[in-house]
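**Student:** Chain by chain, the residues run as shown.
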Amino acid sequence: MNAPMKAAPAPVKKLRVATTSLAGCFGCHMSILDIDERLLKLLDLVEFDRSPLTDIKHCGPCDLGIIEGGLCNAENVHVLREFRKNCKIILALGACAINGGLPAQRNHLDLRDVLEEVYQTEHLLGRGGIPNDPELPLPLSKVHPIHEVVKVDYFLPGCPPPADAIWKLLTDLLAGRTPALGHGLLHYD
Amino acid sequence: MNATNTFQLDGEEIPFAPGQTIIQAAAAHGAYIPHLCWHPDFSPHGSCKLCTVKVNGRFGSACTMEAQPGMEVENRTAELDDKRRTLLQMFFVEGNHFCPSCEKSGNCVLQATAYELKMMSPHFDMFYPDRPVDASHPDILLDFNRCIMCSLCVTASREVDGKNVFAMGGRGILGRRIHINSESGRLGDTDFAATDRAASICPVGVILHKRKGFAVPIGERTYDLAPISAQVKETRS
Amino acid sequence: MSDTDVIDAVVDRHRRDGTRLMQILREIQEQLGWLSPATLTRVAAAVGWPRAMVSGTASFYSFFHTRPRGKYCVLWSDNITDRMLGNADLMEAMCKKLWLEPGRVSEDGLVSVNTTSCTGMCDQGPALLVNYRAITRMTPSRVGEMVGLIRDQTPVAEWPAEWFAVDDNIRRKDILLANDLVPGQALSAALERGPEKMLAAVKDARLRGRGGAGFSTGLKWEACRNAAGSGTAPARYVVCNADEGEPGTFKDRVLLTSYAYLVFEGMSIAGFVVGAKKGLLYLRGEYRYLLEPLESTLAARRKNNLLGKNILGTDFEFHIEIHLGAGAYVCGEESALIESLEGKPGRPRIRPPFPVTSGYLGQPTTVNNVETLAASCLIAAHGGEWYAQHGTEKSTGTKILSVSGDCERPGIYEYPYGVSVRQVLEDCGATDSQAVQNSGPSGVCVAEDEFGRRIAFEDLPTAGAFMVFDETRDMFEVARNFAHFFAHESCGFCTPCRVGTTLVRNMMDKIARNHGSPYDIDELFKLHRLMQGASHCGLGNSACNPVFDTLNKFRPAYERRLKSLDYEPAFDLDAALSQARQMTGRDDAGAHFAANSEDEAKA
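Residue numbers (our numbering), protein chains in the order written: chain H, 363 to 551; chain P, 857 to 1093; chain X, 7 to 609.
Hints are computed from structural coordinates only; laboratory data are not their basis. Wrong hints could be hidden among the right ones.
Stated by the list, open to error - In silico lysine to any residue, SDA-like type, Cα no more than 20 Å apart, as pairs:
| # | chain 1 | residue 1 | chain 2 | residue 2 |
| --- | --- | --- | --- | --- |
| 1 | X | LYS532 | P | PHE915 |
| 2 | H | LYS513 | X | GLY220 |
| 3 | X | LYS315 | X | ALA195 |
| 4 | H | LYS513 | X | GLU529 |
| 5 | P | LYS910 | X | GLU36 |
| 6 | X | LYS532 | H | ASP425 |
| 7 | P | LYS910 | X | GLY220 |
| 8 | H | LYS450 | X | ARG19 |
| 9 | H | LYS513 | X | PRO524 |
| 10 | X | LYS532 | P | GLU935 |
| 11 | H | LYS513 | X | GLY237 |
| 12 | P | LYS1019 | X | TRP55 |
| 13 | H | LYS447 | X | PRO524 |
| 14 | H | LYS447 | X | ASP572 |
| 15 | X | LYS315 | X | LEU297 |
| 16 | X | LYS532 | P | GLY1069 |
| 17 | H | LYS375 | H | PHE410 |
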């Protein structure tokens, strides 16, 4: 609070933020937590909707949706669409959301071969057959980064993105600035 | 050098010797023009098009255009950097560039250039091509998933090593690839050596020395230390 | 004869000269069927080239096979004009009858069926190539008969001769096609003038290149003539560009069929002017059937002292060789063509230096279009001033148009420059036309309100293609066909063209599948802006022209296919689950995506 206030400030409306991990490893979420004590500052500015941090199961109207991970199954797509429908801004967080990442390494294999290898042929795994429980989401034939399915507004690469980059990007967004990352904050590994 | 032999690069006066290309003169002066397939030790290839500049209002490749007195060259303008970013995105979708698992990460010219140009995503739909890995050589691994078709290995093998281990062949997005100088198409069946210049010329992670991956810790790698635009002089050999 | 004997005989006939690699590979393939790894190794050793370079060339050209191909290799010409004549249905019927998937060789190795870029038979399509021999006017009954002949393994040489008939279809003649020159007349007039005055006549005629770009022929010849050769054996060369690959163009086919003497005479005149002893005619592989007739025309000219040493009793010496291409559109670009002549992949060179100073084998070379060289004969015979009286001020002489598409009388039309699009449409019997693709995919799409425009360098320059589309045609599909063409033909050298042509093709396919949104249209414009400025050669620079033109002039053809105003994925999400459904046997609601994302959100 640098500028002197003319009148008593109206209570600042907190921005509502949702986060999720799709086909990811939660490493990007760990990196969000790595902003450490700045989390407290962040909580002054935002409130969390659906997120592994809150355990809220469905996303309501939000200002910002943060997506970790790409799309490898039907549920990933449902969740992504729920976020896109409810969030004014979608942020793709980390390598997997942006280019498919590690899960996309299966893309040069045929899904049929993958399922057969894992559930039928493989010596120790292959006993139970290919699971067909309706509770389980079906895998997509290929893994996709999220921008191939919905419009994505911002991207923050990294595996995971460093906490400082996440902090910089979030504070830029909250302040209404176009995010800009300097040397060292933008990396793909 | 003649005092009149200068041109303007983004308003900065750059001296040049007759016969020098725009990028040669700029590099000698420490000025960075983004590039991937150009290397100061070799004749220009002109394929990556990252060095596209505007010369007196017209597009041209800085690596192939000779500098002329009084030229006005636009380089790091928003318009040109925007085009370069799109070209980088083209590279990232046509190949399989997964930096977290690549030994070259941190020392990769493609990656460092993408950082320099603030490429935040591949933007286009990924192609996820099927490209082979060749581990047949005792000391060298070839991972063509990361090839950007710069031909530096072709040139280095021909001009420095005198071996012609590599040649560019095939056509178009599906066909164009490095051909290896053996009937099997395997590197292990050629006279390629880890000490060849071609073994250390690859700007990306295609030609890798076995048993030497991830040798430098994160934070100390070439482009961890400073952005590629700040290392113009250092990269001149 | 064993395979190695065949290979050795061919390379020996070509003096083990690596620059003749294209001809060596083609001749070996004509005898052995394909180019095996062992063949390439043996050829490389014989010519003394690195094997990787030989395989690099072999893998560049569509007509070279580095994997076994069917005994019968059927390639359907897939230009938009062939499409409009129903080639897709015919090809499907052929594949069904042969139990074959397009692009695959049958299990017994008998036959493969696929598409190829325009074969230059647009006035008599649907056309195809069988073992690289041109066949025209395909019909359902011909498909049936052809399948029978293939099944019975009847040699192609024994197939009905009328299938291989290629008509000239000359509909309008002007000064070039109606010339009354006899062989030798123009050349002897040129010899009489002497090289300087002949050059001056070409300049007086203000002759410009007929390949489309319109560079002054006189200036080109002068630059070549003034350029010093290099090395121990300096020389100059004349190259005739008969790599007529621009879809919808077939006028060179007719010139080389019925006016070949004029083309060779033009090459000789060019050689005389620039001081060359050798000319090379680069004939596109699709016109393989013209090789023997052209060779006999050359033989007749040698016999009549119009080629060889002491031509017509002077000390002028000139020889002509024919090189065949092997299915690569980019070789129409003059420096790519020269690379191909030297046995390499057809990759456009970095320019400068231009071919006139450093071309074939690094020597000064003038590369001219077939029609340009033929026209130079008229100038030799009648003078530059006479020639300049025809056409317009800036576009002298005449232009041969290859008219195809929706018209009564497709074929060859020669007009003085300055003719209006409307006049051509009237003459060829086109009614209810909505557009003309002038100068092929890399040219301009002319809409009805522009039919008053004129064919001339100052208005609508052209390499000769004139494809007519009536109002029943879908101009989006026209542009999509061209987008596929460019993606197939991009040499892959520079990034914007290699990746850009594929991105454009994918986006056009996305829109065609009704998965598009305004987002995709913006992306097409963005790619156009990038590729136009940053590409290495004309192919990439013009590859977006048809998309750009139709987006501007036929926008509703795109818009009516768009799925929504919001971003849409390029693929069908529900179809992306089909493999998993199949593997698990599930078909419950959770095993599907709702028809659209709106329903999805409600669900």
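**Student:** Run the structure past the numbered hints and jot down the numbers of the failing ones, going up.
**Tutor:** 2, 5, 6, 7, 8, 11, 15 and 16
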